[in-house]
Amino acid sequence: DAMVIQNPRYQVTQFGKPVTLSCSQTLNHNVMYWYQQKSSQAPKLLFHYYDKDFNNEADTPDNFQSRRPNTSFCFLDIRSPGLGDAAMYLCATSRDRVTGEQYFGPGTRLTVT
Amino acid sequence: QKEVEQDPGPLSVPEGAIVSLNCTYSNSAFQYFMWYRQYSRKGPELLMYTYSSGNKEDGRFTAQVDKSSKYISLFIRDSQPSDSATYLCAMSATGGTSYGKLTFGQGTILTVHP
Chain Y
309 DAMVIQNPRY QVTQFGKPVT LSCSQTLNHN VMYWYQQKSS QAPKLLFHYY DKDFNNEADT
369 PDNFQSRRPN TSFCFLDIRS PGLGDAAMYL CATSRDRVTG EQYFGPGTRL TVT
Chain F
4 QKEVEQDPGP LSVPEGAIVS LNCTYSNSAF QYFMWYRQYS RKGPELLMYT YSSGNKEDGR
64 FTAQVDKSSK YISLFIRDSQ PSDSATYLCA MSATGGTSYG KLTFGQGTIL TVHP
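Chains as they are written, first to last, in the numbering used here: chain Y, 309 to 421; chain F, 4 to 117.
These are calculated hints, taken from the structure and not from any lab test.
Where a beta carbon is used, it is the ideal one built from N, C-alpha and C, also for glycine.
Among the hints, a few may not be true.
[Said to hold, decoys possible] According to the in silico footprint, chain Y covers these stretches of chain F (three or more CB under 8 Å from chain Y):
{"#": "1", "region": "13-25"}
{"#": "2", "region": "40-46"}
{"#": "3", "region": "72-80"}
[Unchecked claim] With a straight-line Cα cutoff of 27 Å, these simulated DSSO-like cross-link-like pairs (lysine-lysine) come out:
{"#": "4", "chain 1": "F", "residue 1": "K70", "chain 2": "Y", "residue 2": "K346"}
{"#": "5", "chain 1": "Y", "residue 1": "K346", "chain 2": "F", "residue 2": "K45"}
{"#": "6", "chain 1": "Y", "residue 1": "K352", "chain 2": "F", "residue 2": "K5"}
{"#": "7", "chain 1": "F", "residue 1": "K73", "chain 2": "Y", "residue 2": "K352"}
{"#": "8", "chain 1": "F", "residue 1": "K73", "chain 2": "Y", "residue 2": "K325"}
{"#": "9", "chain 1": "F", "residue 1": "K73", "chain 2": "F", "residue 2": "K5"}
{"#": "10", "chain 1": "Y", "residue 1": "K352", "chain 2": "F", "residue 2": "K70"}
{"#": "11", "chain 1": "F", "residue 1": "K5", "chain 2": "F", "residue 2": "K70"}
Please model the entire structure based on the sequences and the hints provided.
See the structure below:
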């Protein structure tokens, strides 16, 4: 089945210790998104790739970076996690940017100790 | 004022009830409307997708869009305990600053009691 896969599902890191979350997709979609979702809140868009074109949201902290080495994979790097970065991180894909129809992965729950 | 307003609930109904979930929005550029279902500690699952105004039915679920009133609804018939989840409305525009991005409502927590 075509899908969006996120690894790991649960990640524990220490305050200030860099962490990388990964996302892969078998849908062959052009667009990949990273969202942050905190408890009882809607997902908040951090950035997205349209093919190789990186699009950062204006309010995304510099602490968050992303890489997309190929169509299938996308990574979220948090350079120096703070306690406030503990959240669910969601990857989503879309065939294009026109329709907005996005498919989400299961998420990675990040804990910062 | 938020671009998309959604009553957060929580909403509690007995099994078999008809559930109505609603969102209002202010951005007239929104053309695509979606409903996502999110179970606890899971990623959102696309439930219904509608372009412009009109109705769409899929099994027990019906999505309605009224662009003139800037109002969308999701109806769940014969609700089941397995429908217990958070329901997020989301919308996107074909241009402007919202192009290619989803604007979410804050989600409605639904519990269906056996």
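Evaluated hints:
Counting residues of the region 13-25 of chain F whose CB lies closer than 8 Å to any CB of chain Y gives 0, so the stated coverage by that chain is violated, three being the minimum. For the region 40-46 of chain F, the proposed coverage by chain Y is satisfied: 3 residues have a C-beta within less than 8 Å of a C-beta in that chain, meeting the threshold of three. Here's how the region 72-80 of chain F fares: 0 of its residues keep a CB closer than 8 Å to some CB of chain Y, so the rule of at least three is not met and the hint is violated. Between K70 of chain F and K346 of chain Y the CA atoms are separated by roughly 30 Å; this puts the pair beyond 27 Å, and the hint is violated.
With a C-alpha separation of about 12 Å, the suggested pair K346 of chain Y and K45 of chain F falls inside the 27 Å cut-off, and the hint holds. As the CA atoms of K352 of chain Y and K5 of chain F are separated by approximately 14 Å, the hinted pair is consistent with the 27 Å bound. Distance restraint check for K73 of chain F and K352 of chain Y: the Cα-Cα separation of roughly 22 Å lies within the 27 Å cut-off, and the hinted pair is therefore satisfied. Of the pairs offered as hints, the one joining K73 of chain F and K325 of chain Y is violated, with about 45 Å between alpha carbons and a cut-off of 27 Å exceeded.
Straight-line distance between C-alpha atoms of K73 of chain F and K5 of chain F comes to about 13 Å, which keeps the hinted pair within the 27 Å bound. At most 27 Å may separate the alpha-carbon atoms for a hinted pair to count; K352 of chain Y and K70 of chain F meet this at roughly 25 Å. For the given pair, K5 of chain F sits about 17 Å from K70 of chain F by alpha-carbon distance, which is consistent with the 27 Å threshold.
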